[in-house]
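Heads up: the sequence lines are chains G, W and C, in that order.
Number 255 in our numbering belongs to position 255 of the first sequence; there are no gaps in the numbering.
Number 192 in our numbering belongs to position 192 of the second sequence; there are no gaps in the numbering.
Number 334 in our numbering belongs to position 334 of the third sequence; there are no gaps in the numbering.
Just so you know, these hints were derived from the structure itself, not from any lab.
Here the structure is a predicted model, which is why all the values come from computation and not from measurement.
Each hint should be verified, as a subset may be incorrect.
Stated by the list, open to error - Examples of chain C residues toward chain G, derived with CB under 8 angstroms:
| no. | residue |
| --- | --- |
| 1 | V35 |
| 2 | L67 |
| 3 | G144 |
| 4 | R149 |
| 5 | H158 |
| 6 | N162 |
| 7 | R168 |
| 8 | L239 |
| 9 | T294 |
| 10 | G308 |
Where a beta carbon is used, it is the ideal one built from N, C-alpha and C, also for glycine.
What follows is the residue order along each chain.
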Amino acid sequence: MGIRLAELVERFGGELIGDPATEVVGIAPLTDAGVSHISFLTNSKFRAQAGQSQAAALIVSPNDDALVAETYQGARIVTKNPYAYFARVAQLFESLTAFVPPAGIHPTAYVDPAAQVDPTAHIGPHVTVEAGAVVKARAVIDAGCYIGRDAVVGEDTHFFANVTFHARCTIGARCILHSGAVIGTDGFGFASEGGVYIKIPQVGRVVIGDDVDIGANTTVDRGALEDTVIEDGVKLDNLIQIAHNCHIGAHTAMAGCVGVAGSAKIGKHCTFGGAAMISGHITIADNVFVTAATMVPRSITEPGQYTGFYPMAKNSEWERSAVVVRNAAGLREKVRELEKQIKAITTPKTLQEDES
Amino acid sequence: MGIRLAELVERFGGELIGDPATEVVGIAPLTDAGVSHISFLTNSKFRAQAGQSQAAALIVSPNDDALVAETYQGARIVTKNPYAYFARVAQLFESLTAFVPPAGIHPTAYVDPAAQVDPTAHIGPHVTVEAGAVVKARAVIDAGCYIGRDAVVGEDTHFFANVTFHARCTIGARCILHSGAVIGTDGFGFASEGGVYIKIPQVGRVVIGDDVDIGANTTVDRGALEDTVIEDGVKLDNLIQIAHNCHIGAHTAMAGCVGVAGSAKIGKHCTFGGAAMISGHITIADNVFVTAATMVPRSITEPGQYTGFYPMAKNSEWERSAVVVRNAAGLREKVRELEKQIKAITTPKTLQEDES
Amino acid sequence: MGIRLAELVERFGGELIGDPATEVVGIAPLTDAGVSHISFLTNSKFRAQAGQSQAAALIVSPNDDALVAETYQGARIVTKNPYAYFARVAQLFESLTAFVPPAGIHPTAYVDPAAQVDPTAHIGPHVTVEAGAVVKARAVIDAGCYIGRDAVVGEDTHFFANVTFHARCTIGARCILHSGAVIGTDGFGFASEGGVYIKIPQVGRVVIGDDVDIGANTTVDRGALEDTVIEDGVKLDNLIQIAHNCHIGAHTAMAGCVGVAGSAKIGKHCTFGGAAMISGHITIADNVFVTAATMVPRSITEPGQYTGFYPMAKNSEWERSAVVVRNAAGLREKVRELEKQIKAITTPKTLQEDES
Chain G
1 MGIRLAELVE
11 RFGGELIGDP
21 ATEVVGIAPL
31 TDAGVSHISF
41 LTNSKFRAQA
51 GQSQAAALIV
61 SPNDDALVAE
71 TYQGARIVTK
81 NPYAYFARVA
91 QLFESLTAFV
101 PPAGIHPTAY
111 VDPAAQVDPT
121 AHIGPHVTVE
131 AGAVVKARAV
141 IDAGCYIGRD
151 AVVGEDTHFF
161 ANVTFHARCT
171 IGARCILHSG
181 AVIGTDGFGF
191 ASEGGVYIKI
201 PQVGRVVIGD
211 DVDIGANTTV
221 DRGALEDTVI
231 EDGVKLDNLI
241 QIAHNCHIGA
251 HTAMAGCVGV
261 AGSAKIGKHC
271 TFGGAAMISG
281 HITIADNVFV
291 TAATMVPRSI
301 TEPGQYTGFY
311 PMAKNSEWER
321 SAVVVRNAAG
331 LREKVRELEK
341 QIKAITTPKT
351 LQEDES
Chain W
1 MGIRLAELVE
11 RFGGELIGDP
21 ATEVVGIAPL
31 TDAGVSHISF
41 LTNSKFRAQA
51 GQSQAAALIV
61 SPNDDALVAE
71 TYQGARIVTK
81 NPYAYFARVA
91 QLFESLTAFV
101 PPAGIHPTAY
111 VDPAAQVDPT
121 AHIGPHVTVE
131 AGAVVKARAV
141 IDAGCYIGRD
151 AVVGEDTHFF
161 ANVTFHARCT
171 IGARCILHSG
181 AVIGTDGFGF
191 ASEGGVYIKI
201 PQVGRVVIGD
211 DVDIGANTTV
221 DRGALEDTVI
231 EDGVKLDNLI
241 QIAHNCHIGA
251 HTAMAGCVGV
261 AGSAKIGKHC
271 TFGGAAMISG
281 HITIADNVFV
291 TAATMVPRSI
301 TEPGQYTGFY
311 PMAKNSEWER
321 SAVVVRNAAG
331 LREKVRELEK
341 QIKAITTPKT
351 LQEDES
Chain C
1 MGIRLAELVE
11 RFGGELIGDP
21 ATEVVGIAPL
31 TDAGVSHISF
41 LTNSKFRAQA
51 GQSQAAALIV
61 SPNDDALVAE
71 TYQGARIVTK
81 NPYAYFARVA
91 QLFESLTAFV
101 PPAGIHPTAY
111 VDPAAQVDPT
121 AHIGPHVTVE
131 AGAVVKARAV
141 IDAGCYIGRD
151 AVVGEDTHFF
161 ANVTFHARCT
171 IGARCILHSG
181 AVIGTDGFGF
191 ASEGGVYIKI
201 PQVGRVVIGD
211 DVDIGANTTV
221 DRGALEDTVI
231 EDGVKLDNLI
241 QIAHNCHIGA
251 HTAMAGCVGV
261 AGSAKIGKHC
271 TFGGAAMISG
281 HITIADNVFV
291 TAATMVPRSI
301 TEPGQYTGFY
311 PMAKNSEWER
321 SAVVVRNAAG
331 LREKVRELEK
341 QIKAITTPKT
351 LQEDES
């Protein structure tokens, strides 16, 4: 059941200081770790806790190692990015105990005879796979999922229960779609005539790269004429809305409840805090960080952090200030008026006449 | 495969300038259109692109036609609303290739013997139709949908995969419910007693008119005692929440992530930008446009556009300003104090004494 | 069909003034109630309506009773909390007519042989119950639900159609999960290395107490290493996101579209208005009320109401004020400058020299 530290270093690198034969059976936070756990120090301010940890081994950065060694007696794996190292070790431990769904099609699933399901893929109970759809090697499609006509699901991709993946959309390898995610709904496109809406058919697709995670109940609309595109490594949390024709650059991450309106083009390596709202038809540069609860009304061309939410206060204080904010233009007018009056007072008469 | 321009004009009106026998095989934007496509000019600022388009034909407004004709050599269909015309032509082309699900009940579906499903309707795999439910002619119920007891689904209405439509709710003709939409959940109604909540049974229904579209993972709660009502032609995007007892007027449209609290009465022909939030028990007039990310805390009695989101800035600028905004009432106090002081300086002494 | 007033008072308490043999057949608002209904007065300002109500009986507070008796001729049940009394009477009437799903497993459901389903539980069509899962007495699992491996569903708990409840999560007694709710998704946890995200396995659970209601399409993520916890009596509306490792105290209620970021600790008896957004890793005291559309960026240690949304205005007014708000720090600078200048004017020269 245990893994020797030597094996960890062999798999994931890092410098081992201590006995390579030491075995660990799991990974745990500093304060929770027992004597057969490995733990990790990802923030220097917890150095003191490290000294008191019972963990058999510690993943630590070169910066922290010397100080940690003063108080901590166990083995250390020194590595530049202890948090990433922790993630890999945790994945390894999880893989040892995780349930692996069997290859094959559950008897209660419906797979159209014209669909292609790789024999190594898992198709769970009550799944529907429509004609022309392709499910590639080792893909796992859990109970109740729907895969539309001519859709393509890549190798090792996992749909948790009750995902809806519509016709002609494609998703790459090693992706995770969480329960309730809906990919490839019609975009919200209408022409207005005499106050009545006429639906514009949405004939584009959703095209998703490799290593993309999409959260529970998140929705991604298909493009109107062209495709909605989500590049490699994008991570979307729960309850996010991505509208038609959006393009999300590689390795961009969005926290829960974010909304992105139609045709927004978002760069690579961006991060969006929860409930950030992105307007349609705008462009956001690479490496932009939008704070939670911020409305982005226009394009952002420079990397950096952008924010725009109303600062919370006790309700009574907010009420007093909100009236002023609502008429902030009026307050500025008053200040301008005061500036004029003071100028009139402080400026010598002759100068005033010269100016007029 | 192609459609003659004569046929388009016959179906949808407009004045054709060019050869009625010209055939087009699809519709595409100005810059993408090939020689067998029809394209459209919906915004005068793209007139220049029209001249360079390879499209065999162009849908154009009377206003733009003369200038377009100077550079564009193909056929033109002149019509007052080219965008609506485009929508109709696109619908026509889509209908030629769209998959039409067969009439009848899929063998894996469960339809209660006491439900009435029209023989022309389609019931997909793993669908559940409870007792007393009615599914009318040519309705299409895709895989995994749930239709509750005594619910009614109108003619030609389409539920995409995994829609939940609860007991006793009704929906009219030609509606579209997108995947994951949940109609008829219990409203959020509780009485509080000694700090504990007691559920108030929600016994109203959701009553939906004709030609209504409801987006993916959008939720509409049933009324507490009366009904939640969505009138004809309403268009709701994805991830919208409509609480119990709301009434949404005909031909109102809401973009994604909007929330409407209980008992709000919303007029006809309104539009709501994404993530707009509507308070409960308020009334919104017809023809109101609420900007995205705006909280509507009170009734709106006049048509027009209403806005209220914090203007985004670089985070460091926002931090400096947010402190001031949080205490905007304090700033106004200071300005009032300054006004008094300046008045004291500028007002002749005798006048000041008179005022006191 | 009817219930005698005597029976109501026997079940729910209160002082009956009038004929105990009077029968009522349902409960309705003051203005809608007919002669065989019981109605209720929960707000003194509607006393006038009470006088005109046709209701056979009225639930009324001691405070209102004397005035109501002047104009209203029917029977009265006097009780301290008429709204809670109304809720209980309404529940009683609903229970008389509500459909009770039969015990047993629907033939189209898939229940793993290694799952334990109590014989009094209802498992609806197309449900999946994985190995090791436990469904306790009188639980109702409607069509299309998914219950993961080793998950536990308590007595009398009701999952409406299409709920997803993931592996190892537990939920107590008398809970209601509404359609599309997803419990136990992986939390949004990644380590970043070289601009690429590495998934951190989410091995905690979601642990839900008794008498909890969770709304349609609401998502609750499992903990990363520890558990996400929702205590007894919590009420969550639709489309809410609860991130990993959150802890929500007993009898706290959240309206629709609220988002709670990871590791937030929320007290008991709190209420959150719609679309309130709670930052991660913060603590909120008991008895806090957060107004709708408010972003909570930091811990709240004192009970009370907190607010922070931008006050809505006509768009043109908002545009004028938003520019000022965006540069509120600049406006304060101007005011400070004015204060200095006025001080310079009003302070006698000699004093000014002393200060310097």
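Outcome of the hint check:
1. A cut of 8 angstroms between beta carbons decides the hint on V35 of chain C: the least distance to chain G is about 44 angstroms, and the hint is violated.
2. Taken as an interface hint, L67 of chain C does not check out: its beta carbon lies about 32 angstroms from the nearest beta carbon of chain G, beyond 8 angstroms.
3. Contact between G144 of chain C and chain G, as hinted, is supported at the beta carbon level, the nearest pair being about 6 angstroms apart and thus within 8 angstroms.
4. For R149 of chain C, the interface hint holds, the least distance from its beta-carbon to any beta-carbon of chain G being 6 angstroms, beneath 8 angstroms.
5. For H158 of chain C, the shortest C-beta to C-beta distance to chain G is roughly 18 angstroms, which exceeds 8 angstroms, and the interface hint is violated.
6. For N162 of chain C, the interface hint holds, the least distance from its beta-carbon to any beta-carbon of chain G being 7 angstroms, beneath 8 angstroms.
7. Hint status for R168 of chain C: violated, given a least beta-carbon distance of 10 angstroms to chain G, over 8 angstroms.
8. For L239 of chain C, the interface hint holds, the least distance from its beta-carbon to any beta-carbon of chain G being 6 angstroms, beneath 8 angstroms.
9. Hint status for T294 of chain C: holds, given a least beta-carbon distance of 6 angstroms to chain G, under 8 angstroms.
10. Nearest Cβ of chain G to the Cβ of G308 of chain C: about 3 angstroms, under the 8 angstroms cut. The hint holds.
The structure shown violates the earlier hints numbered 1, 2, 5, 7.
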